[in-house]
Amino acid sequence: MSILKVENVVSGYGSMEVLHDISLEVEEGQIVSVLGPNGAGKTTLLRAIFGVIKPWKGKIFYKGEEISGLSPERIARIGMCYVPQEENIFTSLTVQENLEMGAFIREDDWQPRLEEIYDLFPDLTDRRKSRAGELSGGMRQMLAIGRALMLNPELLLLDEPSTGLAPFLVEGIFDRIKKLNEQGVTVFLVEQNAQALQCSDRAYIMEGGEKKAEGSSRELLEDEEIGRHYLGR
Amino acid sequence: MPELIVYGIVLGSIIALGSVGLTLIWGITDLFNCAHGDQITVGAYIALLFASLFSRIGFLQAKVGPFSFHWGVLLAFIPAILISIGLAILIDRWVYKALRRAGAHFITGFIASIGVAWALRGLIYIIWGADFHFYTTGLRPMLFLPLGIKLRVDEIFIVIVAWAAVAAVYIFMLKTKMGKALRALADNPSLARVSGINTERMLMWAWGIAGVLIAIAGVLYGIETQLRPEMGWIFLLPLFAAVIMGGKGSITGALAGGLVLGIAQQVSTEWLMPTYKPAVAFIIMILVLIFRPKGIFGRRKV
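Chains as they are written, first to last, in the numbering used here: chain X, 1 to 233; chain H, 1001 to 1302.
Bound conformation, chain H alone:
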């Protein structure tokens, strides 16, 4: 059991990281972005591409400290993040902006984002094929902790990076001028405009931040499991559940929702087959929707 809780925290940290980006976009743009998962996939694959490029440079082939991956993977975070930011902003410019201009309904945006998701996944299949890919081959070092907890050393890295990224976004939203303006926009878009806040520019910021979180989530998820074209689409399901649990636009809610879901899914394997894990996530989500339709964790939009 303690072992399962620890695994749950690892899984929950990645879910939380993905959910925070999703809930930010939902809160600020009012779009529930179904392409979020596939954007995560793209981030992971872009990192794969650059990691293999970087691995041709001798000194980048060395493993990073005790971890299973080499320096090339670590360095690949940078291009993955940059391209992910660019992609997120471009998708917004090309697809969602037109819908905003037309005053499209929430559902229209929702369905358009499913279209974007399929297009991105198609692109991954075309470029990389359906095979599994790994950032690293060979041994994955393990840690043996008390209470019979076995943990991969990589998972320590995953948890630290995920939490650092979430904390950074939280502080950005709470303390910086741009973060406050994004919250103002999420709170009351027409008053934001009246205050002179340029909505379109703010949306670029929002998508940019989401792009950063998306890329980091993609690479971490890739390190934790493996890369396959469906990874993000399937990952979207627990993200949905976590975001709905946390409440629209709530960073702390998404964080808590992600952790709860991660732990619940892993702990459920004590009694259930692991294949039922997604079902556990959804049963929790449905219960939340029935009893607390606005999310269980506070209504505060941060």
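Looking at chain X on its own, in the form it has when it is part of the complex:
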């Protein structure tokens, strides 16, 4: 069964339509990515899924249940977490406080989870008490993902996790994402960086708010036209 299903979604800001009739599916246990250039509507798609903006038309299902139109506060409680691209940490809070905020709605003991996150991102461990705003770009991204992971999500939405990272860090981030996936987290990410394909099971190509192609990562990687048009080869 697909964990996430987007059906003919149309959305945007004010009167500007950004997403034109987008449909896609994410199978449980996979890493699925959406690739596309700047302005393709990738961020808007994630925001519509997570309820930050409302879909104008179409439906969104999480594990078969319709979630279109729910608020982010509600959606965070059903097992899906979202890491925005920018301003995805609380800069004036400490690293530890950021993670605590990630667990804000948990009523059980989240301390073990906190230690798991520090194990996953050991660099953060020594910086527990540092203000998040003082972290480097790569550490910020890890903290942002760590915050979202505090809720033990089954589905993680990532908006361009490689943004602003030095090339040698990009691989590291995708490695962590893979590792997370191996631990059972389904990942749906949007990226400009075609490297995302390497770690994905399936992918969609988006441009101008429309879906241009879809397939397994291998199919897309082998498709010359897609390579030339969208993946910069």
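Fair warning: there could be bad hints in the mix.
So the derived label-pair ranges between C-beta atoms look like this [said to hold, decoys possible]:
1. X:69 to H:1093: 22 to 30 Å
2. X:212 to H:1168: 54 to 62 Å
3. H:1167 to X:56: 46 to 54 Å
4. H:1107 to X:130: 31 to 39 Å
5. X:108 to H:1286: 48 to 56 Å
6. H:1175 to X:164: 27 to 35 Å
7. X:38 to H:1107: 54 to 62 Å
8. H:1093 to X:56: 27 to 35 Å
9. H:1163 to X:61: 52 to 60 Å
Negatives, chain H to chain X, calculated, CB over 12 Å [said to hold, decoys possible]:
10. 1056
11. 1058
12. 1097
13. 1107
14. 1139
15. 1153
16. 1185
17. 1194
18. 1200
19. 1208
20. 1249
FYI, nobody ran anything at the bench for these hints, they're computed from the structure.
A virtual CB, placed ideally from N, CA and C, is assigned to each residue, including glycine.
Keeping the supplied structure of chain X fixed, place chain H upon it in accordance with the hints.
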């Protein structure tokens, strides 16, 4: 001079207490609440009402230790705080929530809060009239300290309570789950929502905390001077200056700003007429705005 500095600390402690509430709301809700001063007035008058009710009970008529006020005033803190919390939350529900929903501009909220301020003051005039009121009549015991410092015993109480209240809020914001969530909300509201933090519920907490600080500031200010309908509105001016000096949302900044302003205002009377005190506050504020527009005391939001 040492005497003026001590008076400055007393005045500065009350300013700081008022400013901390104002800066919290500014940081968390993005609203610069011009009704803050008049909410302080309401707090003071509610305490007056209950103090006079309580004073009908025999044993509450006794003075509290060495202080000038009786137990009824001390007990009146409780209803004043509760009603102030309720009022702050209700105003938010009725006025500012609608503006938030409509995505109103910062200035719209600012002006709406001026409207709230006038409405509250009107209410005070209707109920209590324009006369001055006092929590207590009779002698105000004095302390004679070295260096020729004369201090009212009440002022010791004022400073202790003000600092205790500020410290309590600071610790709350720093250590508790709710406090951290409020800071998270002030820092990045959309990420707070994405983390599942219920914004509206948090705003209730913020207004509730502001309500507590407002009531305490009102009663302390009433003990220090006297109650009159304009007290809070006029008091708002140094609060503005202190909050701007401290930087948006900064508790420690507001505390430091309040103290600096209190001391500067009192010390200025060494050379200037006391009527120029507010001008001193504003000259400092303007200098801060010119040279350090984000406040002089750190940018840390706590």
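Quick rundown of the hints versus the structure:
1. In this structure, residue 69 (chain X) and residue 1093 (chain H) meet the distance hint of 22 to 30 Å, their C-beta atoms being roughly 24 Å apart.
2. Distance hint for residue 212 (chain X) and residue 1168 (chain H): a CB-CB separation of about 58 Å, consistent with the stated range 54 to 62 Å.
3. Distance hint check: the CB atoms of residue 1167 (chain H) and residue 56 (chain X) are about 50 Å apart, consistent with the given range 46 to 54 Å.
4. Checking the proposed 31 to 39 Å range against residue 1107 (chain H) and residue 130 (chain X) shows it holds: the Cβ atoms sit about 36 Å from each other.
5. Under the hint 48 to 56 Å, the C-beta atoms of residue 108 (chain X) and residue 1286 (chain H), about 52 Å apart, fit the expected range.
6. Checked against the hint of 27 to 35 Å, the pair residue 1175 (chain H) and residue 164 (chain X) passes, with Cβ atoms roughly 33 Å apart.
7. In this structure the hint that residue 38 (chain X) and residue 1107 (chain H) lie 54 to 62 Å apart at CB is violated, the actual value being about 33 Å.
8. Roughly 30 Å separates the CB atoms of residue 1093 (chain H) and residue 56 (chain X), a value that falls within the hinted 27 to 35 Å.
9. A beta carbon spacing of about 55 Å between residue 1163 (chain H) and residue 61 (chain X) agrees with the range 52 to 60 Å that was offered as a hint.
10. At the 12 Å boundary, the C-beta of residue 1056 (chain H) stays outside the reach of chain X, the nearest C-beta of that chain being 47 Å off.
11. Distance check on residue 1058 (chain H): its Cβ is at least 48 Å (rounded) from any Cβ of chain X, clearing the 12 Å threshold; non-interface status holds.
12. With 12 Å as the threshold on Cβ separation, the claim that residue 1097 (chain H) sits away from chain X holds: the shortest Cβ distance comes to roughly 15 Å.
13. For residue 1107 (chain H), the shortest C-beta to C-beta distance to chain X comes to about 21 Å, beyond the 12 Å cut-off, and the non-interface label holds.
14. For residue 1139 (chain H), the non-interface assignment is confirmed: its Cβ lies about 49 Å from the closest Cβ of chain X, beyond the 12 Å cut-off.
15. With a least CB separation of 40 Å from chain X, residue 1153 (chain H) remains clear of the 12 Å interface cut-off, as annotated.
16. The beta carbon of residue 1185 (chain H) is not kept farther than 12 Å from every beta carbon of chain X, the shortest such distance being approximately 9 Å.
17. Once the 12 Å rule is applied to beta carbons, residue 1194 (chain H) is inconsistent with being away from chain X; the minimum gap is 5 Å.
18. Under the 12 Å C-beta cut-off, the non-interface status given to residue 1200 (chain H) relative to chain X is violated; the minimum distance is some 9 Å.
19. With 12 Å as the threshold on Cβ separation, the claim that residue 1208 (chain H) sits away from chain X holds: the shortest Cβ distance comes to roughly 18 Å.
20. A Cβ of chain X approaches the Cβ of residue 1249 (chain H) within 12 Å, the least distance being about 9 Å, so the stated non-interface status is violated.
Checked against the numbered hints given earlier, the structure breaks hints 7, 16, 17, 18 and 20 and satisfies all the rest.
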